[in-house]
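2 protein chains.
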Amino acid sequence: MGSRTVNGGATSAPAAVSVDKGVDFANYFCTYGFLYHQKEMLSDRVRMDAYYNAVFENKHHFEGKAVLDVGTGSGILAIWSAQAGARKVYAVEATKMAEHARELVKANNLQDIVEVIEESMEDVILPEQVDVIISEWMGYFLLRESMFDSVICARERWLKPSGVLYPSHARMWLAPVRSGLVDQKMSDYEDAMNDWHGFVNETESYYGVDMRVLTKPFAEEQRKYYLKTSLWNNLHPNQVIGSPVIIKEIDCSTVTINDILNVRASVSSAISAENTRLCGFAGWFDVHFRGSHENPAQQEIELTTAPSEDFGTHWGQQVFLLHPPVRAHQGDNLMLNFSMTRAKENHRLMEVDLTCEIRQTSGTLLPLSTNKFYIE
Amino acid sequence: MGSRTVNGGATSAPAAVSVDKGVDFANYFCTYGFLYHQKEMLSDRVRMDAYYNAVFENKHHFEGKAVLDVGTGSGILAIWSAQAGARKVYAVEATKMAEHARELVKANNLQDIVEVIEESMEDVILPEQVDVIISEWMGYFLLRESMFDSVICARERWLKPSGVLYPSHARMWLAPVRSGLVDQKMSDYEDAMNDWHGFVNETESYYGVDMRVLTKPFAEEQRKYYLKTSLWNNLHPNQVIGSPVIIKEIDCSTVTINDILNVRASVSSAISAENTRLCGFAGWFDVHFRGSHENPAQQEIELTTAPSEDFGTHWGQQVFLLHPPVRAHQGDNLMLNFSMTRAKENHRLMEVDLTCEIRQTSGTLLPLSTNKFYIE
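Just so you know, the sequences run in chain order A and B.
Every number in our numbering is 68 more than the matching position in the first sequence, counting from 1.
Every number in our numbering is 68 more than the matching position in the second sequence, counting from 1.
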C-alpha cells in the first residue's frame with residue numbers, strides 16, 4: 069500500500085537494525101490508522117480490481133482453507149477471502165484500524181470466519197499454519213515502507229509448505245523519461261537559493277550576523293529536497309522515451325530479507341523517441357497472482373503500476389530527475405547501474421545510487437555523473 | 069518558535085507523562101534539524117526585531133554576565149547575547165542544528181564566549197548558574213509544542229535567584245472573529261462526505277462489501293479534521309469582531325509546569341462590529357521583555373502576534389471555527405469558558421474545550437453548544 073508519509077521489526081530472517089516500536093509508530097504506522105487513508109487505497113480501482121479478480125477467479129485456493137491477511141487495514145482482503153469460501157481467515161493489523169476492520173467484518177456477517185487480530189505480524193501467535201497468505205504490502209516503487217519484511221516473516225512462520233502467496237511474484241522496472249518536473253524543480257531550487265542570498269544580506273545588515281558559513285549546508289539541504297528526492301507522479305506513457313527494463317524479480321515464496329536489502333542491477337535501455345530530452349528515470353512495479361508450482365492459479369492476474377493513460381494507480385511512479393537533462397536520440401543506448409538500499413535512520417525509506425552512460429548512435433560514449441537519490 | 073509539524077521530558081517540576089526520547093524526536097524535534105525551517109523563523113522580522121531590540125536596548129543585563137540560550141537552533145540569540153557583551157553564553161540545542169550553530173558562532177568570531185552544547189535541556193550539566201536565560205520557546209497560541217517546560221526546567225536548575233528571563237512575561241488572548249474559512253471548511257467536509265457515500269455505493273456494487281458501518285467513524289474523523297482542528301491563519305484586524313480578552317497571564321520567573329497543564333478562563337467579550345457573523349474565535353499571544361523586579365529592563369519590549377495588517381508573524385493566530393456561524397450584533401455579549409489541556413498521546417499537542425453563550429442586546433440568552441477543538 070503506497071503511503072505518502074513514512075516517518076522498521078524483528079523477523080526470523082537476518083534483519084536490519086532492530087526498530088523501536090514507538091518510533092516506528094510515530095514514523096510509519098500512524099498514517100494507516102486513518103479511515104481517509106484506507107479509503108484512498110480502497111478507491112484505487114486498478115488495485116481493487118486486481119485483488120478482487122485474483123481472489124474470486126481462483127476460489128480453489130480459498131475454499132475450505134485457512135488464510136492469513138498480513139496488514140489487513142480495513143479488512144477488505146480478509147472479507148473477500150471469506151466470501152470466496154475460506155474456512156478461517158486471520159486478519160492481522162498493527163494499528164487501531166483493526167477495530168474498524170472488526171466492525172466491517174461483523175457488518176458483512178463474516179465474524180465466524182474472519183478473526184481480526186490487533187498486533188504486529190512479527191509478534192502474533194496463530195493457532196494454526198495457513199494455506200494462503202494474502203497481503204497488499206507494496207509501497208512506492210515496490211519496496212518503500214519495507215512492509216514486505218513482515219510478509220516474509222509471516223511466510224516463514226505461518227505458511228504451510230504447500231501454501232500459496234497472494235501475490236506470488238513481483239518485479240521492479242526502470243525507464244528513461246521526459247518530464248517538465250526537471251525544469252520546475254531546478255527553478256524551485258534556484259528560487260530557494262536566491263531567497264537565501266537575500267536573507268543572508270538582510271541578516272548582516274539588520275542584525276549584524278554573518279550567515280555565509282551556512283550557505284553550503286543550506287544549498288546541500290535544498291539540493292537534496294528539490295533535486296535529489298524522488299517525486300511521486302502519474303506519468304503519461306508518452307513520457308517514457310526508452311525501453312523499460314526489469315531491475316528486480318522476486319519470487320515471493322522464496323525471497324529472503326537479505327535478497328531485498330540491496331537491490332542492484334546493471335541494465336541497458338535504448339531510447340525510442342526521435343529527438344528528446346532525457347530528464348531522468350521512472351521506477352514502478354508490477355505484481356502477479358500465479359499461485360505456486362504445485363498449486364497454480366486457474367486465472368493469472370497482473371497488477372501493474374506502469375505509466376498508463378487510463379489505469380493510473382495511487383502508487384504512481386517514482387521519478388528520479390537528472391540535472392541537467394540531456395538531449396537524446398532514437399537508438400542511443402543507456403547503460404545504467406542501479407543500487408537501492410535502506411536509509412540508515414529509517415529502514416522504511418530508501419537511498420538510490422544511479423550511474424548512467426550514454427552510447428550514442430554515432431558511437432560516442434557520454435559518461436554521466438553518478439547520482440544519489442532519496443526515496444522519502 | 070512556531071513549527072508546522074509536531075509529531076515531551078523529565079523536568080524538576082512535577083511533569084506530565086514521561087516521554088520516550090526516540091518518539092519525541094520522530095514526532096517533534098526532527099523538524100528543527102532543517103536549515104530551511106530555521107530560516108523561516110530567522111526571516112520573521114517582527115520576531116527578530118523584538119529579540120534584537122530586547123537584547124541590545126538592555127545591554128546592562130548582558131555585559132559581563134553568564135547567559136543560557138534554551139533551544140538555540142541556529143544560535144542567533146546566543147550570538148546577540150555575546151555581541152551585547154556577555155562573558156559566557158551556553159547555547160543548548162537538542163538537534164543536529166547545534167553543529168550549524170557552532171559553525172555560525174565561529175564564523176562570527178564568538179567561539180570564546182559562546183559554547184554550543186548538543187543536548188536536551190533536561191539532561192545538560194552546566195559549569196555554573198547563569199544571570200540570564202534567553203529563549204524563543206513560543207509555539208502556536210503560545211503553548212503548542214510545550215517547549216516552555218524546558219525553559220522552566222532550565223530556570224529551576226540554572227538561573228541564579230537574581231537572574232532574569234528573556235522574555236519575562238507572556239499572555240494568551242482570545243477574540244471573536246469572522247472568517248470565510250468557516251464556509252470553506254464546511255464545504256470541504258461536505259465534499260468529503262458526499263465522496264464517501266459514492267464510495268460506499270461503488271464498493272457495494274463492484275466489490276460486494278457493505279461499508280456503511282464505517283460511515284459514522286469516517287464522518288467523525290473528517291469532522292475532527294475539517295471542523296474541529298484549529299487552523300493557522302494570519303487574520304486581518306477587521307476580522308476581529310469583538311473585544312480581545314486575556315485568558316492567561318504568565319510570569320516566566322514564577323510559573324510552574326502545573327500552572328500551564330490546564331489553561332482555564334471564564335471571560336466575556338462584547339461584539340463591536342455592527343451586524344456580523346460570529347464564525348469562531350482566534351487565539352494568539354504576546355510576550356514581554358521587562359527584566360525582573362530587582363533588575364528591570366531599561367527598555368521594555370513587546371512581541372505580539374495579534375492580527376495585524378503589516379506586522380504578521382510566522383505564528384499567525386490559531387482559529388477555532390464555530391459550525392454553524394451565528395449572526396451577531398454590536399453590543400451582544402459573549403460569555404466564554406475556555407479550557408486547554410495537553411493531548412494524551414502527544415504532550416506537545418493540545419485539546420481545547422470552548423463553551424460560548426451569547427447575551428443579545430435584547431436580553432435574550434442564546435446558549436451555544438460546547439465545542440471541542442484540537443491543536444495539531
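Be aware that a few hints might be false.
Pairs involving identical chains hold if they fit within one copy or between any two copies, as the list cannot separate such chains.
Stated by the list, open to error - Okay, derived cross-link-like pairs now, DMTMM-like style, lysine to aspartate or glutamate, Cα gap no bigger than 25 Å in a straight line:
| id | residue 1 | residue 2 |
| --- | --- | --- |
| 1 | LYS89 | GLU444 |
| 2 | LYS164 | GLU125 |
| 3 | LYS292 | GLU167 |
| 4 | LYS89 | ASP117 |
| 5 | LYS412 | GLU131 |
| 6 | LYS296 | GLU370 |
Worth flagging that the hints you see were computed from the coordinates, not collected in a lab.
Each hint tested on the structure:
For the identical chains of this complex, LYS89 and GLU444 are neighbours both inside a copy (20 Å) and across copies (22 Å), given an alpha-carbon limit of 25 Å. In this assembly of identical chains, the alpha carbons of LYS164 and GLU125 never lie at most 25 Å apart, being 31 Å within a copy and 54 Å across copies at closest. Proximity of LYS292 to GLU167 under the C-alpha cut-off of 25 Å is restricted to the inter-copy arrangement: shortest distance 19 Å between copies versus 39 Å within a copy. Taking identical chains as interchangeable, the C-alpha atoms of LYS89 and ASP117 are never at most 25 Å apart, the minima being 33 Å within one chain and 43 Å between chains.
With identical chains, the CA atoms of LYS412 and GLU131 are never at most 25 Å apart, being 43 Å at best within one copy and 45 Å at best between copies. In this assembly of identical chains, the alpha carbons of LYS296 and GLU370 never lie at most 25 Å apart, being 31 Å within a copy and 42 Å across copies at closest.
Checked against the numbered hints listed earlier, the structure breaks hints 2, 4, 5, 6; every other hint is satisfied.
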